[in-house]
Amino acid sequence: MDLSYENLFTILTLASGSERNVEQQNAEAQLKKWEVVPGYHYLLQEVYLNHEIPLQIRWLAIICFKNGIDKYWRATRQYSINKQEKSQITSRVMQLVNEQNNQLMIQNANAIAKIARYDFPHDWPNLFDDITKNLEDFVFKQNDIVSTNNCLIILNRVIKTITMVRIGRARHAMQSKAPIITSILIKLYQKFFQLWTTNLDLTIMEVCYLCLKNLRRIIPEGFDQPHKNQDVCEFLNSTIDHLQSLVSEHDKYSSDLLERYVKCYSKLYVALINCNPTSFVLMPCSQKILTTFLSLLEEKAELVYNSNEENDFWEILALKAFSILKKTMAYVYKKGAVTLKQRNDKLEVANAINKLSVDVFTADLIQKLCDLIINWYLRLKPSDLEGWSLEPEEWCTEELSTSWEYQIRPCAENFYQDLIKYFQDILAGFVLNKISSGLMENESVDRILIKDSILCTFQLSSGTIANNVNFDTLLQEVFIPEGLKNDLLENKILKRRICLIIGEWVGVQCNRESRVSIYKLLLNFLSPNNPINDKVVKIAAIQTLRTVVNDWDFSKNDFQPFLNEFVKLLLDLLNEMRLIESKLYIFNTLAVLIEKCNPLVDYQTLIDILQIVPKYWELSTSDNQPIIKSSLLRVLKSLTISLNENSPETHSISLPLIQNCCLHSSDVYMLLSEDGYDLWLELLKYCPQSRLNNPEIIKLFEMIPHGLRDSTEILPTILSIVRSYSLYAPELFRQEVVTVEAFKVLGEYLDKMRDDSYMIFISLMDILLIENNDSNESFINGLVNSGLMLSMINYVINDNQSPILAAKMYLLFSRLSKNSPELFLKMLDIASVDSIKFFKNWIQFYNHNGNPRNKKINLLGLISIVTYGIPKNIPVLLELFPDVIKKTFYFLEEINEDQQGSCEGYNSNLLYEDIDDYSYLDPDIKPHGEKIRYHLLLQERDPIYTTNLIQFLRNNFINLKTQLQDSDFNQIILALNNDSYTLERLKALS
1 MDLSYENLFT ILTLASGSER NVEQQNAEAQ LKKWEVVPGY HYLLQEVYLN
51 HEIPLQIRWL AIICFKNGID KYWRATRQYS INKQEKSQIT SRVMQLVNEQ
101 NNQLMIQNAN AIAKIARYDF PHDWPNLFDD ITKNLEDFVF KQNDIVSTNN
151 CLIILNRVIK TITMVRIGRA RHAMQSKAPI ITSILIKLYQ KFFQLWTTNL
201 DLTIMEVCYL CLKNLRRIIP EGFDQPHKNQ DVCEFLNSTI DHLQSLVSEH
251 DKYSSDLLER YVKCYSKLYV ALINCNPTSF VLMPCSQKIL TTFLSLLEEK
301 AELVYNSNEE NDFWEILALK AFSILKKTMA YVYKKGAVTL KQRNDKLEVA
351 NAINKLSVDV FTADLIQKLC DLIINWYLRL KPSDLEGWSL EPEEWCTEEL
401 STSWEYQIRP CAENFYQDLI KYFQDILAGF VLNKISSGLM ENESVDRILI
451 KDSILCTFQL SSGTIANNVN FDTLLQEVFI PEGLKNDLLE NKILKRRICL
501 IIGEWVGVQC NRESRVSIYK LLLNFLSPNN PINDKVVKIA AIQTLRTVVN
551 DWDFSKNDFQ PFLNEFVKLL LDLLNEMRLI ESKLYIFNTL AVLIEKCNPL
601 VDYQTLIDIL QIVPKYWELS TSDNQPIIKS SLLRVLKSLT ISLNENSPET
651 HSISLPLIQN CCLHSSDVYM LLSEDGYDLW LELLKYCPQS RLNNPEIIKL
701 FEMIPHGLRD STEILPTILS IVRSYSLYAP ELFRQEVVTV EAFKVLGEYL
751 DKMRDDSYMI FISLMDILLI ENNDSNESFI NGLVNSGLML SMINYVINDN
801 QSPILAAKMY LLFSRLSKNS PELFLKMLDI ASVDSIKFFK NWIQFYNHNG
851 NPRNKKINLL GLISIVTYGI PKNIPVLLEL FPDVIKKTFY FLEEINEDQQ
901 GSCEGYNSNL LYEDIDDYSY LDPDIKPHGE KIRYHLLLQE RDPIYTTNLI
951 QFLRNNFINL KTQLQDSDFN QIILALNNDS YTLERLKALS
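Residues 1 to 990 in this note's numbering are what the sequence shown lists, from first letter to last.
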């Protein structure tokens, strides 16, 4: 079908039908084809500009138009809209300003903004001039309120789009127009504000709000130093007057629109502070703005406290006040170093800081603000107490997940932390005095709430006042006695607070004796026999227990007497808690507890925990709660580690779950595969020697190639699993079909691998080369046919590669060379690479091996390859011979091998770093199955321990001599004439 206005109208009519049918699908397909036809977007514009056409057709036309602009307007795009059509479209984008349908107008504004993003200023230099001229005409000449409203919508979208541009001329060009735009917007704002506050006309109120919305964007982004523009200063002064007026008479106006106005004023002030804090502070009205918000915090504190509505107006206002004060305080504290956009000179910054310090943030005001926060904003509200009483789990979950920016008490807590940090000298003693004088008898609920609020300041001050207090003393003399009181039901409020205090302070200042006392206290809080220990107290205790156990200074031996009782209480609490989130806290705490207390958790306790996994896995399936499954997988992982040689007890549960989570076609793959892979890795590591070659475990390996391809963000884990299989079932890697598939993916990743993945790859290949030191044909074919060998060679001859990392790769080549120099040279020949550069890099990078073990691996490979290659007339190997022999003799001077070829220096710095002896610092932890397998492999098959280097050199040198004619051999000896030491040592060998 040819593109024409009539045909387009027909197709749009069919495509916009309410019923889904074949005709509609065909129409959509036709629109898709027309996207790349010249003139299509111009005709779409013609359709939506026609007010006589039904709205649903115009709506579809403008959506297609806007999407097409996004895809095809940029000249570099394939099938981009040609210049003539662009010009025609741009010439009439403003013709819809009289549109009555607001949603249609918004789509048109979005399309114009996209065009402006690409064309302003080069192809559309008069964009802002046209908009401002239209605004003046609509307001002052035509009195057209609809067109004014629509024009402001367009301007807002355009400014918003261009302010996000960080590269190019658009942003700078907009800033050059900012004074003109701002001037007309301020005039309109003042005119409309006067009108709607006099007549309470909601339409005018909306239009005035759009003016304010535009100014909120253009002033911070359009002026480098707005405090030097008189219009801006006068406007900002008027906004704070208007804000005060609206707040004082808010019942008189539409609450929704009023809230939007107040938010917009606040956003304007915050944006100014973010873009140029110095300029904001130096505004004549800045102190007035700050004192206004300070006054609002004080005057409306009780209203905010007693409010139980979501999105309460006074609470929103308080949130904005805290946000503005927080940013200005940070500016004072950081001495003006707040943003990279700062362009003020040092004198202005100094003046701004002085102005805030002297006129605003005085010592009296800081203390007064602290009092205000304690008395009203940190207190639990009546609505909190109601939620605690009626739905304790829901309330507790909301408390733990709330963002500080959106609820007043978390916001006040965050603000207080800044306050005590920025003004420590003023507040440290003041707060400590508050705490000491506030710890009185609990006479009433109100006093308990104030006491809780005061204790909250202690909790939040851990990082600031730690040097001024002795937490251990306070814990023993104040907090523990307070926590053990059961005389009033309201004591649960203080029990919860004590848990929160311990959670904050335990990592800052807490000795071993205090930790033991904390364990006893938490057991008391979790006890089912005390009626005051409600669900909120128990959840707080669970969270605190996790924090204490997970702390750096945690001693599992001190914790051992309480271990089993804690586990029993946690398991019992699973039945008591109703919400998934509450159970999640318990599972996460159990996982940490098992991990940190390994191996002290007794076998039966671990089995008891294991038994709950299938039950809650099934429950979480019915409730569709993958977050619980994720936590259960982590519990299983911790159980596997703690059970160690008994870890097969988990296999009947773990193996099906790994299959379910790590199979790429599984419904839960995206959500749970990462935790599934973690569990899989530990299952392999901790599988004992007596349980090798489990067919179910081996069958899981079929999922590895997909995991390698698709799970690049957790590649270290997938590679570690492959490494574990190389020790658990090495026969897998003697099947060419298996190795080719896995090695092909590794070869594609190699030059892009992060260092952590690379080191795992090196250790994996090292293990495989030790296991296949008989040059297993299937393994070698897999290495070559997959392309991995070529990738490894290219890695070391790449001039941009790190010499240290390349030296690690040469360890693998040394293994290959030692195993079979003949086969290794054939592999190099197949790769068709620069062999001269390859071998010279090998010698050059030898010095980047800092430990005896790696040096010996290199020397074994180099000796093998040069003594084999010289008789084959390979010149580069003849050239390297003197260097190899000299390095060998120097190395032999450094170490003292026994008759078998081993020495103490070979027992550390293993390529499998995670399993090295020095990484096991806890003598109580038995080596897991993988460590045993790895060390057995090294002891039994690694030439490092079984080949005496001096004897190896002698044998290879004698063999070389027997293969060469006397003249050729003498030529080699002549090459050593300049090195008497090496020549002397070499002659001694023969």
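What the hints contain is simulated information worked out from the structure, not anything from laboratory work.
Here the structure is a predicted model, which means the values were calculated and not measured.
Careful, some of the hints might be misleading.
Simulated crosslink set (PhoX-like; lysine-lysine; CA at most 25 Å straight-line) [unchecked claim]: (1) Lys-421 with Lys-434; (2) Lys-837 with Lys-872; (3) Lys-368 with Lys-334; (4) Lys-335 with Lys-320; (5) Lys-83 with Lys-71; (6) Lys-267 with Lys-355; (7) Lys-699 with Lys-752; (8) Lys-263 with Lys-346; (9) Lys-320 with Lys-346; (10) Lys-160 with Lys-133; (11) Lys-381 with Lys-335; (12) Lys-191 with Lys-267; (13) Lys-327 with Lys-252; (14) Lys-872 with Lys-752.
*Earlier hints that do not hold, by number*: 7, 8, 9, 11, 13 and 14
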